[in-house]
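Top line first, the protein sequences correspond to chains B and L.
According to our numbering, the first sequence is numbered sequentially starting from 35.
According to our numbering, the second sequence is numbered sequentially starting from 17.
Among these hints, one or two may not hold up.
Some chain L residues well away from chain B (every beta-carbon gap over 10 Å; in silico) [said to hold, decoys possible]:
| no. | residue |
| --- | --- |
| 1 | R31 |
| 2 | V50 |
| 3 | Y60 |
| 4 | Q82 |
| 5 | N125 |
| 6 | S138 |
Listed next, the in silico DSS-like pairs over lysine-lysine satisfying Cα-Cα at most 25 Å (straight line) [unchecked claim]:
| no. | chain 1 | residue 1 | chain 2 | residue 2 |
| --- | --- | --- | --- | --- |
| 7 | B | K305 | B | K377 |
| 8 | L | K120 | B | K216 |
| 9 | L | K120 | B | K222 |
| 10 | B | K386 | L | K105 |
| 11 | B | K158 | B | K57 |
| 12 | B | K42 | B | K142 |
| 13 | B | K293 | B | K312 |
| 14 | L | K139 | B | K182 |
| 15 | B | K216 | B | K309 |
| 16 | L | K51 | B | K309 |
| 17 | L | K139 | B | K216 |
| 18 | B | K42 | B | K141 |
| 19 | B | K262 | B | K142 |
Quick caveat, the hints were computed from the structure, so don't treat them as lab data.
Source: prediction; values computed, not measured.
Beta carbons are placed, not taken as given, at the ideal position from N, Cα and C, and that holds for glycine.
Here is how the chains run, residue by residue.
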Amino acid sequence: MEKQEKIKILYVDDEINNLTGFKASFRMNYNIMIAVNATDAMQHLSAHPDIRVIFCDQRMPGKTGVQFFEEIRSRYPKPIRILLTGYTDIDSVIDSINLGNVFRYVKKPWADDDILGAINEANKFYVSNSLLAVKNEELQRAYDELDKFSYSVTHDMRGPLLSVLGAIEAAQHMDDISDIRKMLMMMKDSVRNLDDFIQSIHDYYNLNRGELEIKEIDFNELVEEQIKIFNFTYLTSDVTFNTNIIQKETFRGDILSVKLILNNLLSNAFKYQRKDNKNKTVDLNILVENGYAVIDVIDNGVGIAENYLGDIFNMFFRASTQEVGSGFGLYNVKAAVTKLNGKITVNSEINKGTHFKVLVQNK
Amino acid sequence: MSAQIPNFIIIDDSRLDCFIAEKIIQNSGTYSSVKSYMEATVAYEAIKNGNIGDDSIITIIILDIQMPVMNGFQFVEAFEKLPKETQAKFAIFLFSSSINENDKNRLGNYPSIIRFYSKPISKDTVAQIIEQV
């Protein structure tokens, strides 16, 4: 049989005989904890937050079972509460069940089957409650994200469009052809910005909803491909691009995520250069060995201020006005790294440069 | 009010939007000077240090809301802490491509914002702005 952790059950009763009897009957199947009074019970509850079911005797000196349940309910809402009682107490039991303090009751003296049935039902209820709580939390997170998302998407998509619209309007009154050319170049940036943004949304969707597709990755090939992409985009820029790729073993991973990570980190490294720097460089080092791929992207560009480092992976955060950016790139990088069970770290110094290190496990 | 022609400064992180606003203001003919800032922090420092702003002519600030590092609202907050004599040299007009309800409700909290306009800026907007100062 598969070894599974036993469900934790707490039984509170002032009669020692009942406690030992209960424990003897059910300890094979469950992890039974016993308490002779409320104080002991509280100790168990605080030491074991994963107790799933609490049985409590109604008639105890000082405090009734109903009172005990009422007391612990707000502090320990998760365990399912079951009352053990004789018929004479039935009125208080009914009230208690109606108030929601007690899940059900088992009459005393109990039969083993009644207890087992009660545990079974209570456990099912506990499990579905826990699942529901997790789902609720996920849903709340998704809602919050959607709120932020829809506002920023409207802004980031309309922004470049309205800029272009404004430019067309302004061009109606411009006679100087060199001014118009200048403006056309800026319009091109604006359109490219919008296109990048739409591409990022696509990446975002894939990362959050798409399945991993594990394939063999040849990093040399992948980097060749990236160089081609960047030669197109940054053809005119004077950045020296150095690559050092050492792949000692076959690497398996989700190629789309790896591409996204490389593409975003490299494009940032190229973009955020210091304009007055004579020796602009971007270094890409990849080392694949011992079941890991380590990717370093290093530039000697503008750097990121220390107080922004904590925010750079947040959605829509932008630390610089130097270049057009969607505030989406590093958020997606982080999501991709997380999806691959990897790690990303950053070191940066203003006007010295930035170093991103990504560690991804071989599948 | 005297018939003096205002100065303009534009604070917007989009190079194109700055350029458009400059051109439209220049085409209107009703300006003494026009200058763009792509970083709100730089504009703020210049105002604080008295490098921009004129004692005799009002300076109109065309201000974008969504900007990295210091956004339009943060700029206004900092601006409203400056001495009254400094503030009096400027008139702020807020611009954005979109505004959410939250931001709309915030407008009332800032007495120095004269009006909000949707982007893009047009020659009619510039004419309206000049009428208001």
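Violations among the numbered hints: 1, 4, 6, 8, 9, 10, 13, 14, 19
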